[in-house]
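Guided by the hints, dock chain B onto chain A, whose structure is given.
As you go down the protein sequences, you meet chains A and B in turn. Reminder that position 212 of the first sequence reads as 212 in the UniProt record's numbering, one-by-one numbering, no gaps. Reminder that position 123 of the second sequence reads as 123 in the UniProt record's numbering, one-by-one numbering, no gaps.
Hints may contain errors.
Where chains are identical, the list cannot tell them apart; a pair therefore holds if satisfied intra-copy or between any two copies.
[To be verified] In silico EDC-like pairs for lysine to aspartate or glutamate, Cα to Cα no more than 20 Å straight-line:
(1) Lys271 to Asp222
(2) Lys271 to Glu360
(3) Lys364 to Glu7
(4) Lys270 to Glu352
(5) Lys271 to Glu352
(6) Lys339 to Asp361
(7) Lys151 to Glu235
Calculated directly from the structure, the hints in this document are not laboratory data.
Protein chains: 2
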Amino acid sequence: MDFEKIELAPTADFHVHLRDGEMMRMVVPTIRLGGVDTVYVMPNLIPPVTTVEAAKSYLARIQPLAPDVKFLMTLYMTESLTPEIIDDAASAGITGVKVYPAGVTTNSQSGVVDYESFFPIFEAMQRNDMVLNLHGEAPSTPSGNFIASEKAGESAVSVLNAEKLFLPTLHKIHNAFPKLRIVLEHCTTRDALDAVLKCGPSVAATITAHHLWICVDDVCGDAFNFCKPVAKTMEDRVALVRAAVEGGNGKFFFGSDSAPHPVTAKTGVKKAAAGCFTQSCATQLVIGAIEEAVAKGWISREVTAASLEDFLSNRGRKFYKLPEHAHGRKIQLERKGAKVPDVLKNATGDIEVIPFRRGEDTWKLTWK
Amino acid sequence: MDFEKIELAPTADFHVHLRDGEMMRMVVPTIRLGGVDTVYVMPNLIPPVTTVEAAKSYLARIQPLAPDVKFLMTLYMTESLTPEIIDDAASAGITGVKVYPAGVTTNSQSGVVDYESFFPIFEAMQRNDMVLNLHGEAPSTPSGNFIASEKAGESAVSVLNAEKLFLPTLHKIHNAFPKLRIVLEHCTTRDALDAVLKCGPSVAATITAHHLWICVDDVCGDAFNFCKPVAKTMEDRVALVRAAVEGGNGKFFFGSDSAPHPVTAKTGVKKAAAGCFTQSCATQLVIGAIEEAVAKGWISREVTAASLEDFLSNRGRKFYKLPEHAHGRKIQLERKGAKVPDVLKNATGDIEVIPFRRGEDTWKLTWK
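Chain A extracted, bound-state conformation:
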């Protein structure tokens, strides 16, 4: 990785929060600034996207804002879903269904408590070759339930072990539906990466840009590094960087989990909203993180443009059965001459979003 300038296929970002309304109108046009031409769209609007009609209508609102971007749509797993809706969704070209455990992150109040009750849905998804996207965290143990877990000899669940304690659920679903394509989203731990490697080829994982940059020390006290799952230890961070470059037999690919919040939801006296906004520098932040990892000796200097492209684009497109390059255009990255913006504002100036690594040097990206 001694190059000053590289050309890559456009990035495919397989985990993106675009929101709705004014925020959506601000965020969607930043997708291509981050070198991305393909976006997998999360369904956690308020109310969540739970019907084919709602997904179509959402796409109709997004697409005009970025005509050159390919959007892959998802539904939000709730009790209102039926196998028939899954059949219809597959016919309508909806790619996947996202499962949020109830209450663990932004707009997950409608999420899942009991996975087995959704097995008929998973069955229909497997039959239709749809993708199941898992937010892989067990809900934290309420303080009132502590004694029960202590008596059972179980660890209480906190934000630190929530991902690890979700992994048996991943294996259970995978064992029950071995052909169902499953993505364990935004992995933050070596344990999660190992679990995905142990599964069959139908199970993959996304890795975000921000988890390549931070660990839990950076989260405590810094609202702009706070996301769910929270970043873990340095060992985990390094494992993620290595997994991104090494690829895990095609299993590890990029999904930014970019999540815009108005600055007012991140600062002030109330608890901060969970999520890091990386969209406008998605590719640049990944390249920068890997560059730093090379500089620090975490990975070999032999990182090539091809291995970067594999993480950012090829592996994910293959898992999602997309053509290799959506449009044939390329993105070019240069080592110097750009900074992450301090803030993004919408046209009327009433929404401000502060990006992850605001104000820091980053790679310069241009479309070719």
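Just chain B, lined up with the frame of chain A:
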């Protein structure tokens, strides 16, 4: 703990940040609101209190603001200290020396890197029967040092394991100076409590009010729950509550680590300053936390006023060789009728401090 109203000896708070200047003038008068008549004063001013003269002068600034409170003064461990200064400090009635590992918390930039180089100071302290107060955290591993720790087969240090990885240093100092009274400050883990129990009777530990209330889930995304050491798991929180009540053979007593920060240092875009402000409700918050622990079954309902008083007052006074009650007055707590303030402001309104558990119901405290 079924009482609605209890009378206790005034609380002795063995770890307090009073700051200086305008902030000090605001904070010191809140000490008695928290039911406290004895305060162990931290020396991490800017610049730190490193001379007998500076400690005397600091006391002269504090004492007029709360004439009824007993202040115990400390020095800040730096390379400028000498055994002669320790002798002078002991003669001048300075009680202890606080060690901050370099860089781990607010105003610790002048802190300690190599403990062995301070052994002549510890020797002089032991000879003078002064108390060594340890901020028990190993500094986090810089990202550039990760490969060295990996090659050595060592865990990288993060805010999560920093306290545990400090414990060998505690044992080393204790073994070298078995008669030196040592306080491992603001313990956050069961590991730390266990380590203190394993030491001889010269080693004790303080427990804060806020660590009885929160775990790491409450820290991530909430600047007002962010302090160093950061709160850990539910298991650790429950272990702290139990240790406070059970007492650890006299080793576990109260030190709030109350640390006021202007609201501007806690909110906004920059990383938040570390510290929770609990001074004005110090006793109330402890009683409330133990009440909650009883309600949740973490400890038996047999908690008595005597055991609360042991934690809040008696054990610490005994370890510090103080008379049992400084003034003979009592504090009365009633279960209902008070709230933690939303904010504290100084007279001119230019400093605002937001307390821990702002706006929540708490016990009502009156002096008898």
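key: Unsatisfied constraints (hint numbers, rising)   = none
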